[in-house]
Amino acid sequence: MLRVFPFFLQAAWVTIQLSVLSCAMGLVCGALGAAARLSRSPALRFTGATYVSVIRGTPALIQVFILYFGGPQIGIQLEAFEAGVLALGFNIGAYMTETMRGAIISVDRGQNEAARTLGLSRFETFRSVILPQALRLMIRPLGVNINALIKGTALVAAISVVELTYTAQRYIGSTYKPFEMFLLAGSIYMVIIYVTGLGVSWLDRRVALK
Amino acid sequence: MSDRPIIDIRHAAKSYGPLEVLKDISLQVQKGRIVAIIGPSGSGKSTLLRAINDLDPLSSGEVWLDDIQVNKALPPRQYETHINSVRQNIGMVFQHFNLFPHLTVRDNITLAPKMLKGISKAEADQLAVEQLNKVGLLDRIDYYPSQLSGGQKQRVAIARALAMKPKVMLFDEATSALDPELVEEVNLVMKQLAEEHMTMIIVTHEMGFAQDVCDRVLFMDQGVVVEEGPPEVIFRNPSNERTKNFLRKHLKGQH
Ligand SMILES: Nc1ncnc2c1ncn2[C@@H]1O[C@H](COP(=O)(O)OP(=O)(O)O)[C@@H](O)[C@H]1O
Ligand SMILES: [Mg+2]
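Protein sequence lines, in the order shown, are assigned to chains V and L. Just so we're aligned: 418 in the working numbering is position 101 of the first sequence, and the numbers increase by one with no gaps anywhere. Just so we're aligned: 126 in the working numbering is position 109 of the second sequence, and the numbers increase by one with no gaps anywhere.
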């Protein structure tokens with residue numbers, strides 16, 4: 318047990334990196350996706366809706382496989398870690414698209430009317446009135462997305478990224494202790510998720526309306 | 018005071034699908050005049066008011082503010098610029114206040130002037146102080162809307178609209194969402210505006226208030242102006258049966 322612990326810590330660091338990078342990418346995809354879905358252009362709205370329904374309608378594992386194993390066939394050659402980040406980020410981005418869109422459209426319609434009535438443009442209204450309120454509404458549901466993302470990083474064990482799940486599997490062979498190995502990996506996931514949850518709560522409290 | 022109307026609505030009509038909400042309504046309001054619009058729920062009062070700043074665009078007809086046509090047909094981009102500048106001249110107060118909950122009272126009032134009039138922070142602060150003094154809420158300048166009573170919220174909303182120095186003010190049932198004991202403080206602010214000769218169109222269910230402050234009363238029903246005239250005439254001696262019926266119901270509760 319003690320002997321393998323350092324390797325698990327190293328693997329945990331990989332899981333954290335995967336999570337942070339794909340979360341960042343997911344937030345970008347989510348913001349773009351939400352902007353597209355709420356756009357006045359039908360083409361953009363269609364693109365956004367297609368992104369969401371394709372990603373949410375297929376298993377994340379298939380998406381990872383398509384990028385990593387299928388990529389080279391169409392000239393996309395990626396390291397396993399890179400493919401993992403991209404696939405996970407693109408995947409969670411679709412869920413974040415819906416989260417962000419939901420938060421934006423749930424800001425009271427009267428807010429938009431009041432701002433437009435004062436003479437603010439669409440953009441000024443969005444930036445100064447709608448977005449600040451939507452950000453508050455989206456922190457907790459984005460926290461739920463991030464929770465799912467962290468657990469979802471386990472999928473990239475299937476393309477041999479040496480993260481927590483992969484590491485647990487690997488040391489079963491030398492220790493013959495699958496129960497302990499998976500329990501250890503699970504506990505570390507839980508710590509990561511717990512700390513992330515604290516961060517989300519803190520952020521939520523910080524920006525809560527007075 | 019000139020005879021030229023500051024608000025001129027010409028043959029306004031509006032439909033939602035088969036439902037005709039406004040049917041050929043014309044209305045002129047002279048500078049400094051105060052018009053009340055009364056009528057049953059669903060008669061099109063809000064729709065008419067919201068057509069004035071094109072929040073609910075008309076299906077046909079024209080709205081003019083001074084010498085500018087508000088609902089001018091323009092390509093989308095030009096229209097945006099046009100309507101944003103027109104709206105700066107039209108203050109609007111809503112039934113549910115619509116204060117910005119994430120901003121302090123001060124920032125609620127100064128957001129638009131800072132953004133649209135390029136005034137400095139000091140000037141903006143001065144403006145907030147001025148407007149809050151007017152509505153008697155200077156001591157609440159650093160509060161958030163959630164820390165205010167309904168009456169206070171509505172007074173801040175009025176101050177926010179006034180901070181743009183509008184040429185006209187539109188009130189859409191400004192006191193309908195308030196507890197009865199909070200109505201008077203908002204009415205007082207509106208009366209004070211009347212004394213300063215602000216041009217106003219006031220949609221209201223308060224017949225007493227309409228009688229006190231308005232120069233002219235319009236009674237609307239089913240998308241048409243059924244009857245209009247000075248308050249003495251409309252309230253004491255209406256000629257139309259529908260007006261009489263409506264007033265019978267509404268004055269009963271008040272006296
Ligand atoms: N967005 C809308 N879509 C369909 N019908 C609407 C819409 N807005 C208002 N209406 C209808 O228009 C009529 C007039 O509404 P409104 O102007 O709000 O009346 P009032 O303010 O006099 O109560 C009502 O019958 C209402 O149901
Ligand atoms: Mg109404």
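Calculated directly from the structure, the hints in this document are not laboratory data. Computed from a prediction, not measured in an experiment: that's the story for all the values here. Some hints here could point you the wrong way.
[Said to hold, decoys possible] So these bits of chain L aren't anywhere near chain V, every CB distance computed over 10 Å:
1. Q95
2. Q105
3. F111
4. N115
5. P118
6. A174
7. R177
8. A178
9. E190
10. E198
11. V200
12. G246
13. P255
14. S256
[What the hints assert, rightly or not] Stretches of chain V that chain L covers, calculated by requiring three or more beta carbons in the stretch to come under 8 Å of a beta carbon on chain L:
15. 420-428
16. 446-456
Note that the Cβ used here is the ideal one computed from N, Cα and C, for glycine as well.
Each hint, compared with the structure:
| no. | hint | result |
| --- | --- | --- |
| 1 | Q95 | holds (13 Å) |
| 2 | Q105 | violated (4 Å) |
| 3 | F111 | violated (6 Å) |
| 4 | N115 | violated (4 Å) |
| 5 | P118 | violated (6 Å) |
| 6 | A174 | violated (8 Å) |
| 7 | R177 | violated (7 Å) |
| 8 | A178 | violated (7 Å) |
| 9 | E190 | holds (13 Å) |
| 10 | E198 | holds (24 Å) |
| 11 | V200 | holds (20 Å) |
| 12 | G246 | holds (29 Å) |
| 13 | P255 | holds (33 Å) |
| 14 | S256 | holds (36 Å) |
| 15 | 420-428 | holds (count 3) |
| 16 | 446-456 | holds (count 4) |
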